[in-house]
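Q: Chains A and B, in that order, give the protein sequences. Heads up: the first sequence begins at 409 in our numbering, then just goes up one per residue. Heads up: the second sequence begins at 409 in our numbering, then just goes up one per residue.
Among the clues, some could well be false.
So the derived list for chain B, only partly shown, Cβ under 10 Å to chain A, looks like this [stated by the list, open to error]:
| id | residue |
| --- | --- |
| 1 | Arg459 |
| 2 | Leu471 |
| 3 | Glu473 |
| 4 | Ala476 |
| 5 | Glu483 |
| 6 | Leu493 |
| 7 | Trp501 |
| 8 | Tyr603 |
The set of hints was computed from the structure by calculation and includes no laboratory data. None of these values were measured; they are calculated from a predicted model. Think of the CB as a built atom: it goes at the ideal place given N, C-alpha and C, for glycine as much as any other residue.
Number of protein chains: 2
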Amino acid sequence: MRLYDYRDSGNGYKVRLLLAQLGRSYEYVEVDILAGESRSEEFLARNPNGRIPVLELDDGSFLGESNAILFHLAEGTRFLPEDALERARALQWLFFEQYSHEPFIATNRFWLHIAGTGAENAAQIQANHPKGLSALSVMNRHLEHQGFFTAPDRYGVADIALYAYTHVADQGGYDVGQFPALSSWLERVSAQPRYIAMDA
Amino acid sequence: MRLYDYRDSGNGYKVRLLLAQLGRSYEYVEVDILAGESRSEEFLARNPNGRIPVLELDDGSFLGESNAILFHLAEGTRFLPEDALERARALQWLFFEQYSHEPFIATNRFWLHIAGTGAENAAQIQANHPKGLSALSVMNRHLEHQGFFTAPDRYGVADIALYAYTHVADQGGYDVGQFPALSSWLERVSAQPRYIAMDA
Numbered sequence: 409m410r411l412y413d414y415r416d417s418g419n420g421y422k423v424r425l426l427l428a429q430l431g432r433s434y435e436y437v438e439v440d441i442l443a444g445e446s447r448s449e450e451f452l453a454r455n456p457n458g459r460i461p462v463l464e465l466d467d468g469s470f471l472g473e474s475n476a477i478l479f480h481l482a483e484g485t486r487f488l489p490e491d492a493l494e495r496a497r498a499l500q501w502l503f504f505e506q507y508s509h510e511p512f513i514a515t516n517r518f519w520l521h522i523a524g525t526g527a528e529n530a531a532q533i534q535a536n537h538p539k540g541l542s543a544l545s546v547m548n549r550h551l552e553h554q555g556f557f558t559a560p561d562r563y564g565v566a567d568i569a570l571y572a573y574t575h576v577a578d579q580g581g582y583d584v585g586q587f588p589a590l591s592s593w594l595e596r597v598s599a600q601p602r603y604i605a606m607d608a
Numbered sequence: 409m410r411l412y413d414y415r416d417s418g419n420g421y422k423v424r425l426l427l428a429q430l431g432r433s434y435e436y437v438e439v440d441i442l443a444g445e446s447r448s449e450e451f452l453a454r455n456p457n458g459r460i461p462v463l464e465l466d467d468g469s470f471l472g473e474s475n476a477i478l479f480h481l482a483e484g485t486r487f488l489p490e491d492a493l494e495r496a497r498a499l500q501w502l503f504f505e506q507y508s509h510e511p512f513i514a515t516n517r518f519w520l521h522i523a524g525t526g527a528e529n530a531a532q533i534q535a536n537h538p539k540g541l542s543a544l545s546v547m548n549r550h551l552e553h554q555g556f557f558t559a560p561d562r563y564g565v566a567d568i569a570l571y572a573y574t575h576v577a578d579q580g581g582y583d584v585g586q587f588p589a590l591s592s593w594l595e596r597v598s599a600q601p602r603y604i605a606m607d608a
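Turn these sequences into a full structure, and let the hints steer you where they fit.
A: The following block contains the structure:
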């Protein structure tokens, strides 16, 4: 397998973290998204949506969308439940992450911490902030009742997807410390076997 | 089963369309999102993220996120491939829909057509427009090579998810007629057995 990715991307980190925890080897190909490399014709042939990460499979085909990649790699492993309804609940959190969390938390982090355009994007950052806080609050409320996102006591793909940008939410101007259950969960995730850091 | 939904929601329509095509009966409960009913404590107990649609299952538990509901209802039916990689490709399009399509096309339609706040949201509508066009362009490019989104010749959950807001994109100020492959696909979807309209 070959992973097309950008080192500072939380979406890419999700896939790197799961691959590390599965003990699977792969070739890493850095795509400089700031230099427009994910919009080249060559890259668009791999993912017409022009986004990383993209996983090139052993049959030479490509799979995009970080959470679709997570789901696929986790099939048949302890990171994804076998029961159909529990799998759907994992998906519920994966869609929550992409719709209600990432666009506000990752985007503000990108402007403030990666692109360095905090000043020119100030109005959008301010508009995003309460929406990101709302997502963190929903997560915190859920974690007051259980240890992990899908099964109460089992770490899995939903935790990986939500951890990626939550653990660096401070870089987007969010104070995760105000959410005690969320903060404890971050520690539980980072204590999982074969955990790797985002910049590993 | 019981579906908590809002009649003008494309996310809700996805679920209603699949349920109709599966021939499954259910109780419909209208939630007036404009009156704040999806933010009540009673509703938040069903979905802490405060969004419709929510499916109440026969065991009394709740499932949120339209595309997670689609995936779950389609398991074991002709609307979802059996092969793991093909299922992941369906998921790739479901995540594309929620991240790169819905926030721009559905949101502009909501302001312009449902809430009637086109004037006060004019700046956001204008900022969203090219992003929505980009999503339609990605879809059109894909449909130049195959008849449906996941398998080349088989209609399924990815088509349902993407159809819901694309077929009413004109209500959000988008001219779908400029995308010939996309326009043909809209016709193929509406000709599927047991198809129902959004306001059915």
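Q: All the hints need checking, so say for each whether the structure fits it.
A: Going through the hints against the structure:
no.	hint	verdict
1	Arg459	8 Å, holds
2	Leu471	6 Å, holds
3	Glu473	4 Å, holds
4	Ala476	4 Å, holds
5	Glu483	5 Å, holds
6	Leu493	7 Å, holds
7	Trp501	8 Å, holds
8	Tyr603	24 Å, violated
In terms of the numbered hints stated before, the structure departs from hint 8 and from no other.
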